[in-house]
Amino acid sequence: MILAWLLTVGTLPVWAASDYDASAIPADLQENASAVVREQDEIFTIHASDAATYTIHRAVTVLNKNGERYAPLVIWYDASRKIKSIECTVYDARGTEVKKVKKKDIQDVSAVSSFSIYEDSRLKYYSYDSPSYPYTVEYSYELEFDGLLFYPNWHPVEGFQLAVEQSSFSVITSPDISLRYRVQHTSEPAISTEEGQQKYYWELRHHAAYKKESFRPPLGTLTPRVYLAPSAFSYEGYAGNFSSWQQFGQWINQLNEGRDQLPESTQSEVKRIVANLQDTTEIIRTLYEYMQSKTRYVSIQLGIGGYQPFEATTVDRLGYGDCKALSNYMKALLSVAGIEAYYTLVNAGAYEDEVLADFPSMQFNHVIVGVPLAQDTLWLECTSQTNPFGHLSDFTDERNVLMITENGGQLVRTPAYSAQDNQQTRNTTVLLDEEGNGQLTAQTQYTGQLYDDIARITQLNDQEQKQAVYKQIEIPNFRLQSFHYDLTKDQIPAANEVLKLQLERYVSISGKRWFFCPNVMSQIESLPAKTEARNHEVMLRYAYTETDTTVINLPENIHSEFVPEAIEIQSTFGSYHSSYTVEQGKVIYTRTFQRNKGVFPSDSYQELVEFYQKVSKADRQQMVLRKST
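Mapping to full-length UniProt numbering: the sequence shown position 505 is 505, numbers consecutive.
Hints were generated in silico from the structure; no laboratory data involved. Careful: at least some of the hints might be erroneous.
Stated by the list, open to error - Here are the computed lysine-lysine pairs in the BS3-like style, where the Cα-Cα straight-line distance is at most 25 Å:
| # | residue 1 | residue 2 |
| --- | --- | --- |
| 1 | K65 | K100 |
| 2 | K84 | K103 |
| 3 | K84 | K99 |
| 4 | K124 | K102 |
Said to hold, decoys possible - Here are the computed distance ranges between Cβ atoms for each label pair:
| # | residue 1 | residue 2 | range |
| --- | --- | --- | --- |
| 5 | Q385 | S508 | 47 to 57 Å |
| 6 | K471 | D129 | 45 to 55 Å |
| 7 | T629 | M539 | 51 to 61 Å |
| 8 | H484 | E607 | 35 to 45 Å |
| 9 | E607 | E434 | 38 to 48 Å |
| 10 | T314 | A48 | 49 to 59 Å |
Where is the CB? At the ideal position from N, CA and C, for every residue including glycine.
Sequences and hints are given; from them, build the entire structure.
Rendered as structure tokens:
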């Protein structure tokens, strides 16, 4: 691809020269800020249902190291999204030009190089390595679109610790093109007509930086945003519209039509594999594990391949594919067995924005398979060779997804995991010697969402596993003797862990008295930060339950002198119970901690802090023992 490079103004709109002296930034915009957008102007001009141009001019002043992430020039392009021109200039703290960026300074890299085999998605990238702060990076570029499945959205506040002096967004269309938009935390556009063109204009001025807060909702729900989408669109020769989710799903059906056929040999193999199975769920499980054993994930980013899957015959032959191709392949396998399954679009990621149910548009980045059953729907993640059957991690759980049925798209919701699903159940035995050292064995089961972190450890090599185990143990002065993991891959999966530790001087000995904390393994270490003012609601994303039973075997002639009282803590955010029992030669400690999920008022944050403080204090209660001889 030959690009037109301009290091002068060229075809770009002419923006007035500005003063980028950092001292001119208002003091209130510097509060909580690591960077400040001095000015940003975006102009999106729609020429037809399949053609548009997009120009961006941006200047951002970086105040400290944390603000560097807002400064790089990053432009994604491919065959349908071409770069027409680029300019980039760097200024020092006083606003004096220090560097005019040249073509050779800008990297051209694959957008997905670490995952992709077939690709034409690439990035132009430039990052300035400044010797000091503050400094300002100004850049302008123009893109030309040939095919329009989605329009750019406007989100002027990109992250925390970023203030905005001025940002604008203009959309220019001909009267015969219907613009669909949705506003969030900002006003309706100023609409005008200029030279027969319709212009929509939004602007944000003097917006202070958001301070990062613990247990906050996703940033995307807090900031000013404008979402755009076409009504009718055309992409790579496939015409569609976003008048409804059903209509969009029909466009996906066009892309996928005829791509779910399998070779006769594979069809025969599928029928043989399931011939003796009667239970539908067991048939689905068997074919899912067959798919996992036969395929692996790679990214395919080539032309319409960004949205259209490889044919099932191709995946069957090559043994690899991306999320679209593997999901289509899984659907084809199930079809041979007489089981109806649906290709399903999802916006995947633990902290991704929720799909806007009332605004049909391309809001998805991943594909899974939904299999409706009599009582429920099974969900299959097809890109992992190790994922448990029917298990959705925080990558795809509890969100709106678009199931592509024979009639088009249908918005449905993936399931959430409860505190009963997400459990950590631990049984610990400690044998203390007369020097206060201990031999510890801990058997722990992690289920539901808590399974995933442990499962990732099992995929590491031996040395990496050992390092990971050391990091998760918060006991001072211990030596790891052995560890073992066993995985149960069900819909609510379980990871079983066995640890053996040598505890050095776990007990503090003063004369005949022994002081120690019976809660050896499950103390809460991280507490919510205290704050005088809370700006955002409190969001607890997941519920979970921790249950501990710890048996501490004492040496002879050691008896209890002080045993803490049982503790019960109840809160809107969860509950806690701990108790102590002393029997002949042993101490039995039990603990149950349950955290609730939900969104709570901002003024309840102090209550959350106090709840965690109480739990932490209870976790650290000391027992006193006494040596009788």
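Against the structure, the hints come out as follows:
1. Taken as a hint, the K65 and K100 pair is honoured in the structure, with Cα atoms around 22 Å apart against an allowance of 25 Å.
2. Taking the CA atoms of K84 and K103, the gap is near 13 Å; set against the 25 Å cutoff, the hint holds.
3. About 22 Å separates the Cα atoms of K84 and K99, which keeps this hinted pair within 25 Å; it holds.
4. Of the pairs offered as hints, the one joining K124 and K102 holds, with about 12 Å between alpha carbons and a cut-off of 25 Å not exceeded.
5. The given range of 47 to 57 Å is respected by Q385 and S508, whose C-beta atoms sit roughly 48 Å from each other.
6. Remark: the range hint 45 to 55 Å for K471 to D129 is contradicted by a beta-carbon distance near 31 Å.
7. Taking 51 to 61 Å as the suggested C-beta distance range, the pair T629 and M539 conforms, at roughly 56 Å.
8. For H484 paired with E607, a C-beta distance near 40 Å keeps the hint of 35 to 45 Å intact.
9. The given range of 38 to 48 Å is respected by E607 and E434, whose C-beta atoms sit roughly 45 Å from each other.
10. At roughly 33 Å, the beta carbons of T314 and A48 sit outside the given window of 49 to 59 Å.
Checked against the numbered hints above, the structure violates hints 6 and 10; every other hint is satisfied.
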